[in-house]
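**Q** Here's the letter readout for the chains.
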Amino acid sequence: MAYREIIDNLCDAGLHPARTIGKTKKETGKDLVGCFPYHTPDEIIYAAGCIPVALWGGNTEIQKADKYLQGFCCGLLRANVEFSLSGAYDGLKAIIIPTFCDSLKCTLENMKLTAKCPVIGMAYPQQRKLQAGIDFAVSEFERVRHELEKITGRIISEQMVEDAFEVYEDYRAAMREFTEVAAAYPDIITAKKRQMIIKAGQFMDKAEYTKAIKEITEGLKKETPKPYKGKKVIVTGLMTEPVEILDIFEENDIAIVGDEMSLGSRQWRTPARRDVTDVYQRMAYMVADQKGDTFLYEPEKLRGQIMIDDVKAEKADGIVIFMMKFCDPEEYDYPIYKKEVEAAGVPMLYLEVDQQLNSFEQIRTRIQSFNEMLI
Amino acid sequence: MYLGIDIGSSSSKVAILNSDGEIAAISVINLGTGTDAPERAVNEALAQAGITRDDIDYTVATGYGRVNYKQADKQITEITCHAKGVNYLTKDARTIVDIGGQDAKVIKLNDEGQVANFVMNEKCAAGTGRFMEVMARVLGCRLDELSDLADKSTVNVSISSVCTVFAESEVISRLAAGEKIEDVARGAHVAIAKRVTGMCNRVGYEPKVVMTGGVALNSNLVDALSKELGCLIEVVPHCQAAGAIGAAAFARELFEKENNR
Amino acid sequence: MGEETKITSKQMLNDLTAKHYEGALKAKAEGKPVVWATSICPDELLKAMDLTTVYPENHAAAIGARKEAMKFIEQSEGEGYSSDICSYARVNMGYVDLKHAEAQDIPMPDLIFSSSNICHTVLKWYENIAKQLNIPLVLFDMPFNHEYEVTDSATKYIRGQLEHAITQLEDFTGKKMDYDKLAEVMEMNNATCEWWKKATDFGKVTPSPLNGFDMFNYMAIIVCMRNSEDGHKLFKLWYAELKQKAEEGKGPWNSAEEQYRIIWDGIACWPHLSTTFKLLKKYGINMVTSTYPKSWYKIYDTNDLDGMARAYTGNYANRNLDYGRDQMEGLIKEFNVDGVIFHSNRSCKLMDFRTYEVQRRITEATGCPSVIFDGDQTDPRVFSDAQYETRIQALVEMMEKNKEAKRRGDI
Numbered sequence: 291m292a293y294r295e296i297i298d299n300l301c302d303a304g305l306h307p308a309r310t311i312g313k314t315k316k317e318t319g320k321d322l323v324g325c326f327p328y329h330t331p332d333e334i335i336y337a338a339g340c341i342p343v344a345l346w347g348g349n350t351e352i353q354k355a356d357k358y359l360q361g362f363c364c365g366l367l368r369a370n371v372e373f374s375l376s377g378a379y380d381g382l383k384a385i386i387i388p389t390f391c392d393s394l395k396c397t398l399e400n401m402k403l404t405a406k407c408p409v410i411g412m413a414y415p416q417q418r419k420l421q422a423g424i425d426f427a428v429s430e431f432e433r434v435r436h437e438l439e440k441i442t443g444r445i446i447s448e449q450m451v452e453d454a455f456e457v458y459e460d461y462r463a464a465m466r467e468f469t470e471v472a473a474a475y476p477d478i479i480t481a482k483k484r485q486m487i488i489k490a491g492q493f494m495d496k497a498e499y500t501k502a503i504k505e506i507t508e509g510l511k512k513e514t515p516k517p518y519k520g521k522k523v524i525v526t527g528l529m530t531e532p533v534e535i536l537d538i539f540e541e542n543d544i545a546i547v548g549d550e551m552s553l554g555s556r557q558w559r560t561p562a563r564r565d566v567t568d569v570y571q572r573m574a575y576m577v578a579d580q581k582g583d584t585f586l587y588e589p590e591k592l593r594g595q596i597m598i599d600d601v602k603a604e605k606a607d608g609i610v611i612f613m614m615k616f617c618d619p620e621e622y623d624y625p626i627y628k629k630e631v632e633a634a635g636v637p638m639l640y641l642e643v644d645q646q647l648n649s650f651e652q653i654r655t656r657i658q659s660f661n662e663m664l665i
Numbered sequence: 019m020y021l022g023i024d025i026g027s028s029s030s031k032v033a034i035l036n037s038d039g040e041i042a043a044i045s046v047i048n049l050g051t052g053t054d055a056p057e058r059a060v061n062e063a064l065a066q067a068g069i070t071r072d073d074i075d076y077t078v079a080t081g082y083g084r085v086n087y088k089q090a091d092k093q094i095t096e097i098t099c100h101a102k103g104v105n106y107l108t109k110d111a112r113t114i115v116d117i118g119g120q121d122a123k124v125i126k127l128n129d130e131g132q133v134a135n136f137v138m139n140e141k142c143a144a145g146t147g148r149f150m151e152v153m154a155r156v157l158g159c160r161l162d163e164l165s166d167l168a169d170k171s172t173v174n175v176s177i178s179s180v181c182t183v184f185a186e187s188e189v190i191s192r193l194a195a196g197e198k199i200e201d202v203a204r205g206a207h208v209a210i211a212k213r214v215t216g217m218c219n220r221v222g223y224e225p226k227v228v229m230t231g232g233v234a235l236n237s238n239l240v241d242a243l244s245k246e247l248g249c250l251i252e253v254v255p256h257c258q259a260a261g262a263i264g265a266a267a268f269a270r271e272l273f274e275k276e277n278n279r
Numbered sequence: 010m011g012e013e014t015k016i017t018s019k020q021m022l023n024d025l026t027a028k029h030y031e032g033a034l035k036a037k038a039e040g041k042p043v044v045w046a047t048s049i050c051p052d053e054l055l056k057a058m059d060l061t062t063v064y065p066e067n068h069a070a071a072i073g074a075r076k077e078a079m080k081f082i083e084q085s086e087g088e089g090y091s092s093d094i095c096s097y098a099r100v101n102m103g104y105v106d107l108k109h110a111e112a113q114d115i116p117m118p119d120l121i122f123s124s125s126n127i128c129h130t131v132l133k134w135y136e137n138i139a140k141q142l143n144i145p146l147v148l149f150d151m152p153f154n155h156e157y158e159v160t161d162s163a164t165k166y167i168r169g170q171l172e173h174a175i176t177q178l179e180d181f182t183g184k185k186m187d188y189d190k191l192a193e194v195m196e197m198n199n200a201t202c203e204w205w206k207k208a209t210d211f212g213k214v215t216p217s218p219l220n221g222f223d224m225f226n227y228m229a230i231i232v233c234m235r236n237s238e239d240g241h242k243l244f245k246l247w248y249a250e251l252k253q254k255a256e257e258g259k260g261p262w263n264s265a266e267e268q269y270r271i272i273w274d275g276i277a278c279w280p281h282l283s284t285t286f287k288l289l290k291k292y293g294i295n296m297v298t299s300t301y302p303k304s305w306y307k308i309y310d311t312n313d314l315d316g317m318a319r320a321y322t323g324n325y326a327n328r329n330l331d332y333g334r335d336q337m338e339g340l341i342k343e344f345n346v347d348g349v350i351f352h353s354n355r356s357c358k359l360m361d362f363r364t365y366e367v368q369r370r371i372t373e374a375t376g377c378p379s380v381i382f383d384g385d386q387t388d389p390r391v392f393s394d395a396q397y398e399t400r401i402q403a404l405v406e407m408m409e410k411n412k413e414a415k416r417r418g419d420i
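Residue numbers (the numbering used here), protein chains in the order written: chain A, 291 to 665; chain B, 19 to 279; chain C, 10 to 420.
If you're looking for bench data, these hints aren't it; they were derived computationally from the structure. It cannot be assumed that every hint is accurate.
Some chain A residues near chain C, calculated using beta-carbon distances under 7 Å [unchecked claim]: (1) C391; (2) L398; (3) E399.
All figures in this text were calculated on a predicted structure; none of them were measured in a lab. Yeah, the Cβ is synthetic: ideal placement off N, Cα and C, and Gly gets one too.
Just need the whole structure built from these sequences, with the hints factored in.
**A** Printed below as a string of structure tokens:
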């Protein structure tokens with residue numbers, strides 16, 4: 291298949307999560323385990339012979355979820371609870387919910403009531419660099435493994451987790467290369483395509499997905515990079531949704547050449563420590579080594595500087611913030627990196643988004659004005 | 019001749035500039051996108067300038083309804099157009115406060131008068147003209163009477179709710195408790211001023227601060243905002259049409275550039 | 010029999026509060042380091058190191074109660090902080106910029122001591138302040154206890170953090186931890202907690218000599234003097250007064266009778282304290298307990314760091330729904346409660362997003378009527394007099410119906 295066709299297929303897959311998840315189940319014959327944001331031990335799920343699929347909300351009318359969550363809970367979690375009540379999650383074998391924020395803690399408790407499948411709660415250590423934190427992460431991973439063994443009826447050996455880890459390392463390396471190469475081809479990998487290609491991977495068998503990503507990267511490398519007449523930006527936040535915003539980016543010839551996002555580079559940018567022999571410890575160290583992540587304790591608060599460096603590296607024109615409405619951790623980070631980015635003279639556009647947005651006029655004006663400002 | 023049209027959610031404004039860049043006409047109609055007001059405003063402006071549509075060399079559309087205005091040669095956002103318009107109407111502006119019907123914006127300008135940054139209200143009516151409409155309705159007066167009413171106030175009554183809906187109920191409670199209409203009216207103005215001040219702080223406002231948009235005609239609000247910001251506010255002439263004037267100025271520039279003058 | 014016997018606990022409370030703040034300002038002026046700490050943290054470690062500590066949550070509450078919060082909120086919102094985040098955080102971060110409050114000043118910190126058992130917010134809030142002021146941060150990450158009991162692995166993790174914190178404090182102060190002193194402080198903590206519990210348990214008596222809104226005030230001292238002799242003395246005195254009142258059959262107020270006994274779930278609406286309190290008193294509604302007293306009952310064996318870890322991570326907000334429901338049901342029964350008022354506190358998502366389910370479960374299990382109203386702990390803009398009044402009236406009607414039924418022997 292020509293690599294352009296693969297791009298279109300993946301883009302389409304990312305635009306239709308439910309359909310893609312259905313296809314994955316059919317093609318792999320494996321059970322699906324739902325994963326709430328922002329990090330989950332996907333390798334263990336994969337080792338259990340299941341496919342992890344991301345549950346990151348969606349554009350749905352919220353009705354039933356009102357029984358559990360007030361209106362000022364972030365739309366992503368309200369949507370997830372809504373989906374669990376409407377039956378959208380009925381096909382899942384289990385759901386894993388990590389507690390990265392206060393809303394997630396409560397949603398975990400509510401999901402135990404609303405989901406039809408077993409719900410596995412877990413916590414990642416915020417004191418991730420201390421030995422006690424590494425040990426706690428390992429104990430959480432082992433507990434999740436044990437829960438999955440009970441649910442699937444399969445023993446998950448350490449070797450199986452090692453093998454799964456290699457699949458995921460391959461995926462992560464492929465994503466790092468893809469995003470680096472794609473930045474040079476904004477005319478081919480447009481804003482929407484880039485983001486939807488990334489999103490598609492959240493609903494597919496990583497082994498298959500990685501093959502597709504590698505083909506795209508190889509295909510791109512063979513092309514001659516063309517000068518881009520539009521503006522290039524780094525995006526930051528949880529996710530670049532609603533998708534209509536990416537259409538508006540393309541209307542304005544704005545390309546995405548890098549990201550500082552939870553549904554993005556935070557999933558793959560931290561390399562594994564090859565000198566750590568135990569796979570669970572290796573997974574714990576990946577969390578410990580991650581930098582600039584909204585949901586991981588970091589007194590140095592490197593996010594601002596990381597974005598400024600990204601802008602320089604990619605010769606971007608500015609940063610676009612996708613501020614998910616009602617996301618407390620994101621709301622805390624903003625004033626800190628805002629000051630740093632402003633001091634560095636990098637233009638920034640602030641978009642307040644929520645997944646259930648249906649009218650885009652104000653966002654269109656903001657994006658267009660930002661573009662006009664940059665010209 | 020150059021035409022700028024600003025189609026808002028609740029009003030349509032047209033400005034026509036001549037080849038020397040002087041204002042030939044301005045028209046404002048208090049109905050917005052989706053009605054026949056944009057066309058009426060254009061016709062009114064053309065009549066004022068004593069010209070016909072064929073005399074217009076270039077049209078720029080701005081505002082909420084710009085995307086659907088098919089007769090424009092180009093559409094530019096109201097943020098960029100307000101900046102342009104303000105620079106046309108006055109000197110040394112560094113911050114523009116525009117309170118529209120549904121939207122409130124604060125625009126920061128650099129030394130060249132170009133947009134350096136901007137902040138818009140979040141999905142909420144509490145800092146906008148809509149809030150004033152709701153207040154006027156509850157207080158039983160016309161929107162254009164609110165300022166005079168508030169001017170009569172002698173007592174500070176604070177309206178604290180951040181939500182327009184809650185604020186409505188708060189105002190009703192105040193009136194029921196015997197507070198005077200004029201005092202409550204002033205409280206409503208102060209409430210908006212505080213909301214807008216928050217936006218000004220976020221963008222990092224600097225004098226000279228200029229107000230545009232229909233709400234700028236409300237002198238009590240301008241006063242209240244001036245107090246909150248701690249600086250004088252200039253209300254530009256033709257404040258409601260500032261966006262349209264900016265659009266017309268762009269129209270002239272773009273036409274001259276295309277024709278290499 | 011000296012001066013001491015004449016002083017009431019209320020007076021002592023005021024004196025101790027003044028002493029607490031004056032002491033902190035004085036320490037700073039003398040060049041001593043000052044710590045900012047969260048409200049339920051293992052500050053035994055700080056006390057053992059003689060580190061002067063103030064509690065921004067107490068401070069924000071005081072600012073809110075004196076109706077001074079808006080100026081600090083406007084400051085932090087002007088910096089870009091969303092009105093969605095906790096108003097204690099917005100007030101405190103505004104205070105870091107403005108550095109002065111009419112209500113009370115506190116000195117700027119040299120070290121932050123934050124524990125996330127109360128919520129994840131205090132992790133982000135203090136991360137920001139530590140970065141802004143470029144000072145060290147001692148963080149206790151206490152993972153959410155989604156299983157019914159605190160697990161061994163969580164206990165081990167927290168214990169490891171306690172040990173790490175000690176080394177951080179040793180680095181900061183330049184002196185070694187005096188473990189004997191620490192043991193003494195732990196004992197004092199346990200003793201004070203016992204008297205806090207004994208005093209607040211008087212809410213079980215009918216009529217309750219304990220006026221719940223008073224309890225909100227005394228709470229400030231269980232926060233900041235839980236492991237000091239001053240705190241110990243205060244709660245002993247308060248206990249003695251309540252005991253006397255109970256023996257005399259006295260209720261919560263001099264000017265009214267207790268008609269209904271309620272749980273107030275959540276913290277007070279500090280800027281609207283008077284409004285909220287007056288309406289309840291008008292109907293004879295007394296808050297006899299809440300989930301807060303137990304949250305400060307941090308008991309563990311002296312020198313048992315594991316026990317300390319378990320105690321600190323085990324507060325109501327950090328426990329799962331089943332545990333929370335059992336707690337509330339237990340309180341309803343033990344304190345002979347007629348109704349529950351849930352404060353849907355806009356600033357406190359960790360409490361709010363379980364309220365609906367907790368409400369359903371306690372209704373089913375106990376038949377106890379309840380209402381939910383919207384408010385906020387320090388942001389005065391988030392409260393509607395009209396809504397509060399309507400809902401309290403509705404609760405009264407439901408409680409009265411129950412009382413009627415009881416009198417007729419229906420229940």
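**Q** State for each hint whether it applies.
**A** Results of checking the hints against the structure:
Against a cut-off of 7 Å between C-beta atoms, the interface hint on C391(A) holds, since the closest Cβ of chain C lies about 5 Å away. For L398(A), the suggested interface contact is upheld, since its CB lies about 6 Å from the closest CB of chain C, less than 7 Å. Taking 7 Å as the C-beta contact cut-off toward chain C, the hint placing E399(A) at the interface holds, the least distance being around 4 Å.
Checked against the numbered hints given earlier, the structure satisfies every one of them.
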